[in-house]
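Residue strings, one per chain:
Number of protein chains: 4
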Amino acid sequence: MSSKIKVGILGATGMVGQNYIRLLEGHPWFEVAYVAASAQSAGKKYEEAVSGRWHMNGPIPESVRDFVVCDATDVSAAIHQCSVVFSAVSMDKKAVAALELEYASNGFAVVSNNSAHRFTADVPMIIPEINPEHLDIIPVQRKKRGWSSGLIAVKSNCSIQSYMTPLHALMRKGYEVKRMFVTTLQALSGAGYPGPSALDMIDNIVPFIQGEEEKSENEPLKIFGKIVDGAFVNNSSIKISAHCNRVPVIHGHTACVSVEFAQRNPSLDEIKDIWQNFTSLPQKLSLPFAPLKPIIYRNEPNRPQPQKDRDSDKAMAVTVGRLRACNVFDMRFVGLHHNTVRGAAGGAILSAELLKERGFIK
Amino acid sequence: MSSKIKVGILGATGMVGQNYIRLLEGHPWFEVAYVAASAQSAGKKYEEAVSGRWHMNGPIPESVRDFVVCDATDVSAAIHQCSVVFSAVSMDKKAVAALELEYASNGFAVVSNNSAHRFTADVPMIIPEINPEHLDIIPVQRKKRGWSSGLIAVKSNCSIQSYMTPLHALMRKGYEVKRMFVTTLQALSGAGYPGPSALDMIDNIVPFIQGEEEKSENEPLKIFGKIVDGAFVNNSSIKISAHCNRVPVIHGHTACVSVEFAQRNPSLDEIKDIWQNFTSLPQKLSLPFAPLKPIIYRNEPNRPQPQKDRDSDKAMAVTVGRLRACNVFDMRFVGLHHNTVRGAAGGAILSAELLKERGFIK
Amino acid sequence: MSSKIKVGILGATGMVGQNYIRLLEGHPWFEVAYVAASAQSAGKKYEEAVSGRWHMNGPIPESVRDFVVCDATDVSAAIHQCSVVFSAVSMDKKAVAALELEYASNGFAVVSNNSAHRFTADVPMIIPEINPEHLDIIPVQRKKRGWSSGLIAVKSNCSIQSYMTPLHALMRKGYEVKRMFVTTLQALSGAGYPGPSALDMIDNIVPFIQGEEEKSENEPLKIFGKIVDGAFVNNSSIKISAHCNRVPVIHGHTACVSVEFAQRNPSLDEIKDIWQNFTSLPQKLSLPFAPLKPIIYRNEPNRPQPQKDRDSDKAMAVTVGRLRACNVFDMRFVGLHHNTVRGAAGGAILSAELLKERGFIK
Amino acid sequence: MSSKIKVGILGATGMVGQNYIRLLEGHPWFEVAYVAASAQSAGKKYEEAVSGRWHMNGPIPESVRDFVVCDATDVSAAIHQCSVVFSAVSMDKKAVAALELEYASNGFAVVSNNSAHRFTADVPMIIPEINPEHLDIIPVQRKKRGWSSGLIAVKSNCSIQSYMTPLHALMRKGYEVKRMFVTTLQALSGAGYPGPSALDMIDNIVPFIQGEEEKSENEPLKIFGKIVDGAFVNNSSIKISAHCNRVPVIHGHTACVSVEFAQRNPSLDEIKDIWQNFTSLPQKLSLPFAPLKPIIYRNEPNRPQPQKDRDSDKAMAVTVGRLRACNVFDMRFVGLHHNTVRGAAGGAILSAELLKERGFIK
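Chains as they are written, first to last, in this note's numbering: chain Z, 2 to 363; chain E, 2 to 363; chain A, 2 to 363; chain U, 2 to 363.
Treat each hint with caution, since some may be false.
Copies of the same chain look alike in the list, so a pair counts if it works inside one copy or between any two.
What the hints assert, rightly or not - Simulated pairs of lysine-lysine, DSS-like, Cα-Cα distance not exceeding 30 Å:
1) 294 to 7
2) 45 to 273
3) 240 to 45
4) 273 to 46
In short, the hints are calculated from the structure, not lab data.
Modelling step: build the complete structure from the supplied sequences, incorporating the hints.
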């Protein structure tokens with residue numbers, strides 16, 4: 002019998018849910034043992050529930066095909082089936098917040114892609130290479146809420162992940178970011194399926210994504226923040242202005258970034274050097290989903306490009322390029338990451354791996 | 002017999018040249034009387050010379066189809082055929098600079114899309130709604146160079162035209178721009194034909210266009226500059242940082258812009274009001290190619306979009322939208338224009354119309 | 002006061018409805034006087050009802066912007082407002098069939114894009130250049146149904162129009178078609194809005210369109226059929242096999258066609274000659290929407306192409322090319338037409354013009 | 002020291018050459034030991050030679066990066082470096098024919114993607130699942146030409162591979178094909194790099210590919226042919242009509258096929274059964290590049306699709322679907338394969354594996 006940790010996928014029939022199922026196939030520590038979705042899908046076999054809307058390359062993994070889909074809102078059904086749930090449900094934000102709390106209070110480790118708890122004061126928003134120490138909040142969270150084994154940890158919005166790790170690498174060396182401009186060119190898969198109409202995305206771009214600029218401006222402040230008296234306090238010394246665009250690309254968010262440093266200002270060579278040599282806790286722990294090099298710098302003048310760079314290192318690396326002086330701020334560059342892997346399911350799996358290593362998931 | 006002013010197209014077989022021929026068909030003041038291109042095309046009928054590479058919608062205008070293409074480097078061939086030449090030749094920059102001077106010294110009014118003379122001290126870089134008074138340099142130019150009827154006027158790079166007129170409208174009201182960030186999402190037609198490979202532009206964007214960021218940062222300074230002692234002096238109080246991207250859009254450059262004002266700071270309502278009421282000399286003179294409203298503001302949250310807005314008002318209007326406060330600078334917005342019409346051939350025709358109204362072209 | 006014929010658009014907020022409104026702007030004979038749509042839109046101003054989903058280039062025509070949208074299922078509301086209705090409602094097929102009958106029985110001339118009545122025995126399916134004489138059924142229809150001024154006429158499916166006129170031109174010269182294969186590459190706009198997801202149409206084609214192959218195989222038989230004893234009888238001597246594909250093209254259906262003739266077999270030169278010289282009743286009557294040449298033959302080896310040829314002659318011409326011998330049947334060619342103009346709203350307007358000339362619409 | 006067979010890639014810097022290098026990385030039997038290309042690339046390191054035009058996902062394999070590129074026309078340079086050459090040179094057809102002969106006469110086993118020798122009477126055109134017995138010509142070829150270890154074997158054009166294996170599976174069961182129509186929707190990568198301009202492939206399709214229809218109609222006849230008196234004789238009982246289109250898809254050729262059988266006519270169920278159970282010699286021999294199931298049948302009504310099915314089974318399987326009765330011939334279906342893997346480099350590697358198993362490569 003498998004000694005792997007049993008995990009459940011909430012929202013298993015959606016695009017992010019399908020990515021969990023695809024990515025967890027053959028995972029050395031975790032095994033998908035439970036799939037849940039909306040009431041309409043409940044009771045069907047997984048294969049049947051995603052019939053005509055399985056969007057992954059390759060077939061549905063054999064191990065999941067015949068699972069009966071449960072109702073994600075019925076927490077009791079998951080008990081004894083799994084100890085960890087990856088939450089990618091598509092519901093009203095308040096309902097998600099309540100549901101995730103219910104799972105956690107029933108002893109589940111909830112690792113969520115949803116935005117509902119991103120600003121809950123005792124919930125960590127984790128990018129494992131950046132703020133692994135934010136997991137120190139978990140004991141506080143458990144104590145405060147009276148949970149013994151349950152927990153909630155969330156991941157950030159996909160739009161910010163093309164530049165957060167590169168910026169963190171610089172900040173860790175003492176180069177604090179003061180202000181920055183970022184313009185994103187975001188892929189279609191970030192909107193889920195069906196997402197934008199092809200009529201709107203052939204021979205076109207759309208310079209607007211609902212709610213995305215606000216998330217891009219606020220979430221980094223928590224991720225770069227600290228735990229003070231058992232609650233997160235944002236890093237309020239950083240100011241970000243974000244313009245978010247949808248472009249006709251399947252996967253891969255690109256970001257054009259201009260940065261002003263607070264005081265000390267690294268040279269371009271130093272920045273490149275810092276990026277190329279950056280590793281962090283996931284690499285030290287050799288977590289299964291950790292990229293060997295979290296930041297890949299490309300010297301070609303026209304890279305990174307989504308079609309060519311999104312899949313680097315299991316689609317878990319951030320690729321950067323075009324580092325150059327900025328005519329207004331201190332420096333500028335282009336960053337890129339795979340939004341449904343690094344920026345969604347893959348990033349959450351890496352967080353779960355970190356939770357396990359820290360002993361919070363058993 | 003037609004009393005229209007006879008014009009010639011240099012580089013008539015290329016994409017910009019084809020646009021001139023398409024747009025000048027039926028023009029009330031100008032008539033294409035001469036077409037010239039590279040030595041390879043010289044001697045062929047125009048129809049034959051563009052066979053298999055006529056990229057305009059609709060057929061080649063009847064009036065031009067049977068013209069024999071001349072060699073653009075042979076200035077003498079154009080004499081007595083036309084008095085104005087629109088220059089869209091594709092040659093080495095130095096060769097273009099010399100050739101345009103030769104045309105002008107032979108009495109031709111040269112209106113150029115080429116970058117060769119953009120920073121020549123006595124050559125005006127005209128956006129007719131912004132700096133029509135820069136044509137005051139023409140008498141200086143003629144005197145200095147000993148030309149009686151010849152002249153050179155140029156247009157700016159297409160990448161900047163999505164925001165120059167909106168910024169000018171504010172500056173005219175006393176709201177000086179101090180610093181700005183702009184990220185462009187530029188259409189394929191800006192690269193000419195064949196331009197980027199489809200293999201690179203399906204499911205992809207390219208975050209680099211050779212030379213485009215430099216032009217975007219420098220050209221506005223001259224356009225917003227002044228004539229001092231018979232030569233242009235840049236407006237050096239503005240700092241621009243540009244990120245330029247190529248996206249899979251046929252026509253229409255989009256720009257995401259964040260602006261910091263120098264001193265006084267207009268409210269968002271005031272900005273919108275200024276834009277919606279902006280008109281300038283081309284409108285006052287009712288020039289044939291002048292859009293009725295040079296700036297169209299759209300209130301929908303997801304506009305402007307290239308596919309939907311590029312053709313507004315004969316493709317000569319700039320469409321703006323998404324005006325909102327900026328989290329770092331004072332305000333931000335999205336601008337869009339048709340790069341091969343407003344940003345290239347159409348803009349140059351409007352400049353020529355202005356030159357005629359000012360009496361420099363006869 | 003305008004003496005134009007007042008027309009109503011049923012389904013005015015949808016993609017085809019919007020095309021009617023765009024195309025009828027400035028029509029010399031017809032004037033949009035009434036717009037109706039689903040109950041959700043009813044009561045709103047037209048501008049408001051299509052807010053965020055106006056998909057035409059250019060703004061909503063002034064003349065229609067402030068119209069209050071009525072409920073299309075309330076026939077009484079249209080009485081005295083218009084005498085002709087263009088039906089582009091999106092409802093269950095049986096409901097459409099009943100509703101169109103109700104309009105007709107209330108005295109309206111119904112010209113429909115819907116498939117509901119295409120095979121009703123006394124309803125003509127009109128392509129004005131092909132079977133204008135099928136309007137002879139109207140008196141029969143009226144008599145049988147007891148209508149004095151009402152009538153129903155329908156247009157065919159858009160998928161077939163890239164080749165029907167070229168085939169008809171040959172048949173009119175005595176070259177009967179016996180069997181044919183057609184593979185279509187159909188544009189996105191044929192599916193209405195939103196239609197296919199961009200995730201499915203970037204870097205992809207879909208080799209299936211629900212119901213389209215059946216329509217493509219059956220409708221030509223009625224169009225090429227005859228009135229016998231007051232009812233249509235199909236031309237059963239033609240056999241068609243259709244493969245229908247969706248491709249990432251905004252507008253313009255392309256068809257690859259191989260044809261076997263029944264007996265006599267024209268030479269390729271003869272076919273080209275027949276096509277280039279083909280005109281029909283709409284051209285003879287100089288109907289406003291009639292293309293000057295219904296069939297445009299292009300000699301370039303790689304034409305027609307949707308992006309380059311769909312707009313030919315007000316987007317009402319069919320463009321053909323690549324005529325060559327077939328290795329299995331007698332000849333093959335490629336045809337193309339604009340599916341939302343020639344193949345939908347524009348084609349129906351041309352039918353209405355013909356109905357007016359025949360005296361059936363007043 | 003490696004005991005793998007050393008292979009060379011001729012045309013190693015092009016798109017097909019790059020695919021060879023990517024696909025052969027880690028091959029159990031073959032090892033890339035030699036790379037050659039045009040004179041311009043000769044003398045450079047491979048990494049440098051493909052700088053800015055490496056189009057594969059993932060980096061250049063370490064093992065090849067530092068190889069010095071040789072001149073492909075200098076056969077002597079390859080001697081002692083490798084015993085097999087995969088030919089993907091891009092030259093004049095006659096020059097390729099002569100060059101491949103020169104390699105073979107110098108003892109190299111030449112496996113070619115080029116069309117130069119496809120109709121040479123003693124050269125086999127191999128699709129390993131279909132006509133492995135055509136390799137019986139090799140001893141004849143060697144004897145006739147006086148070669149001891151050299152040989153030439155070629156692969157067919159990529160356009161035909163979406164349907165050849167499915168048709169062969171039926172023919173092997175006694176269902177001879179008499180006539181067929183095929184319309185292909187071919188991917189961009191089939192044209193090499195840069196291939197079509199993005200301006201021509203966004204919002205467009207092109208209904209023409211130079212030379213492709215002729216290849217599609219002729220090559221199957223040789224592949225389905227026989228060796229008679231030491232030379233290939235075509236199967237002249239099959240007639241094919243092909244329409245070839247270029248569509249905006251990166252990889253994956255789709256084919257819409259209608260088939261008329263010669264005499265006996267299998268039921269649709271029987272056809273599906275034959276396809277699902279089809280295996281051939283490469284599967285029996287467990288060749289490394291052989292797909293487990295050469296033909297994958299998908300029951301969904303809208304499959305196969307290039308984006309979703311091209312990568313099936315290492316991109317070496319053909320995916321079919323939409324099997325249904327044809328309104329003119331006997332049956333019709335849609336087939337799809339990955340044109341640069343199954344249809345180019347991968348297919349040639351599979352042929353080389355077969356040559357090794359047959360003892361022709363050592």
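With identical chains treated as interchangeable, where does the CA-CA distance between residue 273 and residue 46 reach 30 Å or less: within a copy, between copies, both, or neither?
Cα proximity of residue 273 and residue 46: across copies only (25 Å, versus 50 Å in one copy).
When no copy is specified for residue 294 and residue 7, does a C-alpha distance of 30 Å or less occur within a copy, between copies, both, or neither?
This pair counts as within: shortest intra-copy Cα distance 29 Å, inter-copy 32 Å.
My question is about residue 240 and residue 45: at a cut-off of 30 Å on alpha-carbon distance, are they close within one copy, between copies, both, or neither?
neither (48 Å within a copy, 43 Å between copies)
Classify it for me, residue 45 with residue 273: is the Cα-Cα distance of at most 30 Å met within a copy, between copies, both or neither?
Between. Shortest inter-copy distance 27 Å satisfies the 30 Å Cα cut-off; intra-copy 51 Å does not.
In this structure, the one hint that does not hold is number 3.
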